[in-house]
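Whole structure, please, built from the sequences with the hints as guidance.
Here is what each chain is made of, one letter per residue.
Number of protein chains: 6
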Amino acid sequence: MQLSARNIIDGKVSDVELGAVMAKVKIEVSKPGIITALVSKEAIEDLNVKKGDDISAIIKSTEIIIAKK
Amino acid sequence: MQLSARNIIDGKVSDVELGAVMAKVKIEVSKPGIITALVSKEAIEDLNVKKGDDISAIIKSTEIIIAKK
Amino acid sequence: MQLSARNIIDGKVSDVELGAVMAKVKIEVSKPGIITALVSKEAIEDLNVKKGDDISAIIKSTEIIIAKK
Amino acid sequence: MQLSARNIIDGKVSDVELGAVMAKVKIEVSKPGIITALVSKEAIEDLNVKKGDDISAIIKSTEIIIAKK
Amino acid sequence: MQLSARNIIDGKVSDVELGAVMAKVKIEVSKPGIITALVSKEAIEDLNVKKGDDISAIIKSTEIIIAKK
Amino acid sequence: MQLSARNIIDGKVSDVELGAVMAKVKIEVSKPGIITALVSKEAIEDLNVKKGDDISAIIKSTEIIIAKK
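Chains as they are written, first to last, in my numbering: chain V, 1 to 69; chain W, 101 to 169; chain E, 201 to 269; chain A, 301 to 369; chain Z, 401 to 469; chain U, 501 to 569.
Hints are computed from structural coordinates only; laboratory data are not their basis. Some hints here could point you the wrong way.
The calculated label-pair distances, taken between Cβ atoms and stated as ranges, are [unchecked claim]:
#1 408/Z with 31/V: 40 to 50 Å
#2 350/A with 146/W: 21 to 31 Å
#3 10/V with 330/A: 31 to 41 Å
#4 531/U with 12/V: 43 to 53 Å
#5 148/W with 228/E: 21 to 31 Å
#6 50/V with 534/U: 18 to 28 Å
#7 318/A with 34/V: 32 to 42 Å
#8 34/V with 554/U: 41 to 51 Å
#9 469/Z with 350/A: 26 to 36 Å
#10 18/V with 302/A: 15 to 25 Å
#11 330/A with 431/Z: 45 to 55 Å
#12 534/U with 152/W: 24 to 34 Å
#13 48/V with 469/Z: 32 to 42 Å
#14 32/V with 301/A: 18 to 28 Å
The beta carbon of each residue, even a glycine, is placed where N, CA and C say it ideally should be.
And the structure:
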């Protein structure tokens, strides 16, 4: 199965915590890689983002899907 | 500024591509870290996710916010 | 009220499960329809998605809003 | 590969439209199924959602990942 | 139609900009209100969020659905 | 830190409610502002959204990140 999602980051589960309906999973990522982000052109111009800049990718935990082989 | 988002991944912009309204940014991540995911308890039980499992975190590119210092 | 969201899928509630803050709802969909997805052009080219292909739409449960008439 | 995402809906691509950075895909779903939604308990109580209710699942197109076998 | 989404913010369109597949809409909000956010308990504890604190709600533009009466 | 997210809405915490894994935060917004939404061009044409229209921005609570200074 091939996914349209551009970011598939491999790791190992380091913790699982269960609630009544939700659960929290901590994943230890073993090696760095490339992250692809789609943002508004307005943001790129406003922040003046260009090749070589130091930036951070911010991801809310609810947006992450996990996959097990 | 402190964020509720649990995943803040540092890197360097390796490519920027502009559309009319959207833009795509490639970020080269320098060092691995911990990813926190919030999923349904049902999924954890169905996939039998437990400490030590090899799993992947899947993130759609539109879900990523970028930050510049 | 008309929504910009392209996917409005009618069904019947088959189960509700309450947590402290979150709740899980199961919806039995009665008839098939059309799903509209917006993904990166990069993904379409990488997966070579074209008319007639068998594909799956993957949706995380937290991304779904429910509406009652 | 098993996914934590609770909604995997099979269909056939009926249209693909490319922009500069984004693309729109129309998927014809062949058979109805079950949709799982995670919402706030507050919403369930406010809308008085219960078994047997007619409801709609609303999904923004940007939230959909596609998969090809 | 009643929505499970807790945030429905009324305003007036001040600008529309079309791309090939996407569009950007600016909405001038007329009066302030209450915003409901669902985050991890971990974030609340880590940021020590409590009644009376000055905080900001951060929302990526792709996460917003628009509705017209 | 500058964010690509176009919507940063200031307010005061009026309530916090903790679950096992998730938490709900109510934020009282003090002054109105501008909301930026990215939707499909198809939706803009279908709803005939144009300057001056009265519209609503709908945001699911799980999509909101909070920030504390």
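Hints and how they fare:
For the pair residue 408/Z and residue 31/V, the supplied restraint of 40 to 50 Å holds, since their beta-carbon distance comes to about 43 Å. Taking the beta carbon of each, residue 350/A and residue 146/W are about 25 Å apart, inside 21 to 31 Å as hinted. In this structure, residue 10/V and residue 330/A meet the distance hint of 31 to 41 Å, their C-beta atoms being roughly 33 Å apart. Between residue 531/U and residue 12/V the beta carbons are some 46 Å apart, a value that agrees with the proposed interval 43 to 53 Å.
Distance hint for residue 148/W and residue 228/E: a CB-CB separation of about 26 Å, consistent with the stated range 21 to 31 Å. With their beta carbons about 26 Å apart, residue 50/V and residue 534/U fall inside the hinted range of 18 to 28 Å. Separated by about 22 Å at the C-beta atoms, residue 318/A and residue 34/V break the suggested range of 32 to 42 Å. In this structure the hint that residue 34/V and residue 554/U lie 41 to 51 Å apart at CB holds, the actual value being about 43 Å.
As the Cβ distance of residue 469/Z to residue 350/A is approximately 28 Å, the hint placing it in 26 to 36 Å holds. The hinted range of 15 to 25 Å is satisfied by residue 18/V and residue 302/A, whose Cβ atoms lie roughly 18 Å apart. Hint check: residue 330/A to residue 431/Z, Cβ distance near 46 Å, so the stated range 45 to 55 Å holds. In this structure the hint that residue 534/U and residue 152/W lie 24 to 34 Å apart at CB is violated, the actual value being about 48 Å.
Judged by the Cβ atoms, the range 32 to 42 Å given for residue 48/V and residue 469/Z holds: they are separated by roughly 39 Å. At roughly 22 Å, the beta carbons of residue 32/V and residue 301/A sit within the given window of 18 to 28 Å.
Checked against the numbered hints listed earlier, the structure breaks hints 7, 12; every other hint is satisfied.
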